[in-house]
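A.B. asks: The chain contents come next:
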Amino acid sequence: MSDVLVSARGLEVHFSVRSAGLRRGAGGVLRAVDGVDLDIHRGETLGLVGESGCGKSTLGNALLHLVPPTGGRITFDGADITSLDRRGLKEMRRRAGMVFQDPFASLDPRRTVAQTVAEPLEVHKLRSGRRERAARVGELLELVGLDPAVAGRYPHEFSGGQRQRVGIARALAGEPDFLVCDEAIASLDVSVQAQVLNLLRRLQRRLGLTLLFISHDLAAVRHLADRIAVMYLGRVVEMGPAAAVGSDPQMPYTQALLSAVPVPHPALERARKRIVLRGDVPSPSAVPSGCRFRTRCPYAFEPCPEVDPALQEVGAPGQLAACHLHGVVPVS
Amino acid sequence: MSAPVLDVEDLRVQLRTPRGTAHVVNGLTYSVGPGETVAVVGESGSGKSVSVLALLGLLPDRVATVSGRALLHGEDLLSMPPERLRQVRGPGAGMVFQDPMTSLNPVLTIGKQIVEGLRAHSDMSTAVARRRAAELLGEVGLPDPERVLDRYPHELSGGMRQRVVIAIALSNSPALLIADEATTALDVTVQAQIIDLVEQLQSDHGTGVIWITHDLGVVAGIADRVLVMYGGRCVEDGTVDDVLEHPVHPYTRGLLGSLPDLATPLGPDGEVPDLVTVPGLPPPPTDLPAGCVFWPRCPVRGDTRCETEQPPLVEIADGHSGHRGRELPHRAATWCAEAAHE
Numbered sequence: 039m040s041d042v043l044v045s046a047r048g049l050e051v052h053f054s055v056r057s058a059g060l061r062r063g064a065g066g067v068l069r070a071v072d073g074v075d076l077d078i079h080r081g082e083t084l085g086l087v088g089e090s091g092c093g094k095s096t097l098g099n100a101l102l103h104l105v106p107p108t109g110g111r112i113t114f115d116g117a118d119i120t121s122l123d124r125r126g127l128k129e130m131r132r133r134a135g136m137v138f139q140d141p142f143a144s145l146d147p148r149r150t151v152a153q154t155v156a157e158p159l160e161v162h163k164l165r166s167g168r169r170e171r172a173a174r175v176g177e178l179l180e181l182v183g184l185d186p187a188v189a190g191r192y193p194h195e196f197s198g199g200q201r202q203r204v205g206i207a208r209a210l211a212g213e214p215d216f217l218v219c220d221e222a223i224a225s226l227d228v229s230v231q232a233q234v235l236n237l238l239r240r241l242q243r244r245l246g247l248t249l250l251f252i253s254h255d256l257a258a259v260r261h262l263a264d265r266i267a268v269m270y271l272g273r274v275v276e277m278g279p280a281a282a283v284g285s286d287p288q289m290p291y292t293q294a295l296l297s298a299v300p301v302p303h304p305a306l307e308r309a310r311k312r313i314v315l316r317g318d319v320p321s322p323s324a325v326p327s328g329c330r331f332r333t334r335c336p337y338a339f340e341p342c343p344e345v346d347p348a349l350q351e352v353g354a355p356g357q358l359a360a361c362h363l364h365g366v367v368p369v370s
Numbered sequence: 002m003s004a005p006v007l008d009v010e011d012l013r014v015q016l017r018t019p020r021g022t023a024h025v026v027n028g029l030t031y032s033v034g035p036g037e038t039v040a041v042v043g044e045s046g047s048g049k050s051v052s053v054l055a056l057l058g059l060l061p062d063r064v065a066t067v068s069g070r071a072l073l074h075g076e077d078l079l080s081m082p083p084e085r086l087r088q089v090r091g092p093g094a095g096m097v098f099q100d101p102m103t104s105l106n107p108v109l110t111i112g113k114q115i116v117e118g119l120r121a122h123s124d125m126s127t128a129v130a131r132r133r134a135a136e137l138l139g140e141v142g143l144p145d146p147e148r149v150l151d152r153y154p155h156e157l158s159g160g161m162r163q164r165v166v167i168a169i170a171l172s173n174s175p176a177l178l179i180a181d182e183a184t185t186a187l188d189v190t191v192q193a194q195i196i197d198l199v200e201q202l203q204s205d206h207g208t209g210v211i212w213i214t215h216d217l218g219v220v221a222g223i224a225d226r227v228l229v230m231y232g233g234r235c236v237e238d239g240t241v242d243d244v245l246e247h248p249v250h251p252y253t254r255g256l257l258g259s260l261p262d263l264a265t266p267l268g269p270d271g272e273v274p275d276l277v278t279v280p281g282l283p284p285p286p287t288d289l290p291a292g293c294v295f296w297p298r299c300p301v302r303g304d305t306r307c308e309t310e311q312p313p314l315v316e317i318a319d320g321h322s323g324h325r326g327r328e329l330p331h332r333a334a335t336w337c338a339e340a341a342h343e
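Note that the protein sequences, when read in sequence, are chains A and B. Under the numbering used here, read the first sequence as residues 39 to 370, first letter to last. Under the numbering used here, read the second sequence as residues 2 to 343, first letter to last.
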């Protein structure tokens, strides 16, 4: 059995966009995910960070085949998911769950918690008989720290944190190997965020889950992840062990991103040197030539506009960065 | 210390709701000096936003009852006639809201919206106001301000829109700037740009700032003073160093403990330690507990007074540190003896 559970090679998700509004001009191509190579190992938590619009959610969706990729290859446990038939895809979906960002929008308001959590059990025919299903729902609710007695209640009777627990219970119902959490704590209050973060970590260890934790919150990602991948404009630009990427980033974008995260210690925070980037992120429908970060990079030099940098090993063992400062290596 | 820009005394806000009267703000007292930044922190429902909306008369009269005093340069905002309040809002106090998409009018150009604010408070001609608007956009760091004037909000990125909102808030050089979760919806790199901008403007114009946020990292960087709100009360306040490095109230401690922090050292097993959490949820403002507002969730409750008597906000020990040359008291409202003696 290979150590890699989910793998992407040259993954592309491009959308064609029509010209906006009343403006003239031909439509273009929005390159949401643009050549991503990524391996997620069994039992690890991979944190995927990046700013809004960098394509991290689209990448998460593509890995579960919720959006069809327009190029490249995705394998799940060795099987190419783009060529799966309906039955294969259904089995893949059982083995890969998703926890969504907004617990107010991702639960059906007209279904009770029990109905919501039991749905995957019915779809995948995992428990036959009403009593067995109810028992399993109770187990799942207990697993995520909810009282099984709340099974008959509706989502509106719960707080945001409790709803997110229901969402996690639903995602776990199919006994998945792989769980994608897309900004799963972003809409929660700080003290509730901490409760959900601790829960995810406990579940991951107890069930041996492989987790893709997508977030813009670097501190939360460092807290949970074994490895971190950093995305910029549709591409993974740095990846490596969480400690290495978190304390000694090798790609100028990661350095700027980390330096912009405020820490709650006044003396440290005042002394901290922020790297303030110029300008805005370019549009994913007009990706710069060569290195996509060059338009905002403080170190841009000759090869940057010409050569698209490939990920190369730099820094700690297992750390990869796409930057010409470490030697010019073009994307093959 | 020179006279404060804003002096709030015993501010209380009650809202009528279908579930009864909500006691959203319950006796808030603080002041903001010129050039000073006061951070108001707390979780959703703690009353932090409502407390500033009340200051500017932005709560609907039909449902809100506001009492107390809020002196802006000696003039009480809460008892002011609406006409006068409207005059004060621009040059006296500017406000930046969380979501830059909903606080700009989508069907008016950026230029129109800035000119409107400028002309409401002076007899500038439209042409002069437009030139001033372009200057303002330049000041907040937008490239090519002349072109931005003719754009609509949807044509700008989130960071650019928030700069426009700040430009509008600053267009009449207010003595007080209120930022309500102004950078929460923005990415960290854009947040860093906006914070730099506000600090720059503050040192240029001596503007007093109230910065409402739940992000304690941001607070550590920008605040002189911190006020922690819970259940509509101030449970702890003091200099930023005192409150964040030597928190006394069990709630402040819980809030800091539940924060994943890039500066946390790894544990002996090479892993980041588990987060300390505050169990439970904040009380609904329609049904606040008697006694200390935090006692139902408090991990160290035990004093007989916790459940019955409301602890007053009192000075604890002596402030460990001043900030930027000022000595400020460190206060907390808790019966927790263990905390008070530390």
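Mixed in with the good hints, there may be bad ones.
Straight-line alpha carbon distances no greater than 20 Å define the calculated EDC-like cross-link-like pairs of lysine to aspartate or glutamate that follow [claimed, not checked]:
#, chain 1, residue 1, chain 2, residue 2
1, A, K311, B, D197
2, B, K113, B, E147
3, A, K128, A, D118
4, A, K311, B, D262
5, A, K311, B, E200
6, A, K128, A, D140
7, B, K113, B, D124
8, B, K113, B, D62
9, A, K128, A, E157
DEER-style ranges, computed between Cβ atoms [stated by the list, open to error]:
#, chain 1, residue 1, chain 2, residue 2, range
10, B, V315, A, F339, 19 to 27 Å
11, B, G303, A, R316, 51 to 59 Å
12, A, E157, B, P19, 42 to 50 Å
13, B, P19, A, L104, 33 to 41 Å
14, B, T185, A, S321, 22 to 30 Å
15, A, D185, B, T185, 28 to 36 Å
16, B, G303, A, K163, 50 to 58 Å
17, B, H155, A, R316, 20 to 28 Å
18, B, R152, A, R111, 48 to 56 Å
19, A, E157, B, T305, 47 to 55 Å
20, B, D145, A, D123, 49 to 57 Å
21, A, L122, B, E117, 51 to 59 Å
It is worth saying that the hints were derived from the structure and are not from the lab. Virtual Cβ for every residue (Gly too), placed ideally from N, Cα, C.
A.B. asks: With reference to the structure, classify each hint as holding or not holding.
C.D. replies: Cross-check of the supplied hints:
In summary, the hint linking K311 of chain A to D197 of chain B is supported, as the alpha carbons are separated by about 12 Å, within the 20 Å threshold. Note on K113 of chain B and E147 of chain B: the hinted pairing holds, with a Cα-Cα distance of about 12 Å set against a maximum of 20 Å. A distance of roughly 14 Å separates the Cα atoms of K128 of chain A and D118 of chain A; the hinted pair therefore holds under the 20 Å criterion. Between K311 of chain A and D262 of chain B the CA atoms are separated by roughly 17 Å; this keeps the pair inside 20 Å, and the hint holds.
Distance check on the hinted pair: K311 of chain A and E200 of chain B sit about 15 Å apart at the alpha-carbon level, within 20 Å; holds. Distance restraint check for K128 of chain A and D140 of chain A: the Cα-Cα separation of roughly 24 Å exceeds the 20 Å cut-off, and the hinted pair is therefore not satisfied. For the suggested pair K113 of chain B and D124 of chain B, the alpha carbons sit about 16 Å apart, so the restraint of at most 20 Å is met. In summary, the hint linking K113 of chain B to D62 of chain B is not supported, as the alpha carbons are separated by about 29 Å, beyond the 20 Å threshold.
Distance hint between K128 of chain A and E157 of chain A is fulfilled; the C-alpha atoms sit about 14 Å from each other, no more than 20 Å. A hinted range of 19 to 27 Å is violated for the C-beta pair V315 of chain B and F339 of chain A, which are about 60 Å apart. A hinted range of 51 to 59 Å holds for the C-beta pair G303 of chain B and R316 of chain A, which are about 55 Å apart. In this structure, E157 of chain A and P19 of chain B break the distance hint of 42 to 50 Å, their C-beta atoms being roughly 33 Å apart.
Between P19 of chain B and L104 of chain A the beta carbon distance is about 39 Å. The supplied range of 33 to 41 Å therefore holds. Under the hint 22 to 30 Å, the C-beta atoms of T185 of chain B and S321 of chain A, about 24 Å apart, fit the expected range. Hint check: D185 of chain A to T185 of chain B, Cβ distance near 32 Å, so the stated range 28 to 36 Å holds. Range check, G303 of chain B to K163 of chain A: about 53 Å between beta-carbon atoms, so the 50 to 58 Å window is met.
For H155 of chain B and R316 of chain A, the hinted distance range of 20 to 28 Å is satisfied, since their beta carbons lie about 23 Å from each other. Taking 48 to 56 Å as the suggested C-beta distance range, the pair R152 of chain B and R111 of chain A does not conform, at roughly 42 Å. Checked against the given bound of 47 to 55 Å, the beta carbons of E157 of chain A and T305 of chain B, roughly 50 Å apart, stay inside it. Between D145 of chain B and D123 of chain A, the C-beta spacing of about 54 Å keeps the proposed range 49 to 57 Å intact.
Against the hinted window of 51 to 59 Å, the Cβ-Cβ separation of L122 of chain A and E117 of chain B comes to about 57 Å, which satisfies the hint.
The structure fails hints 6, 8, 10, 12, 18 (numbered hints given earlier, in ascending order).
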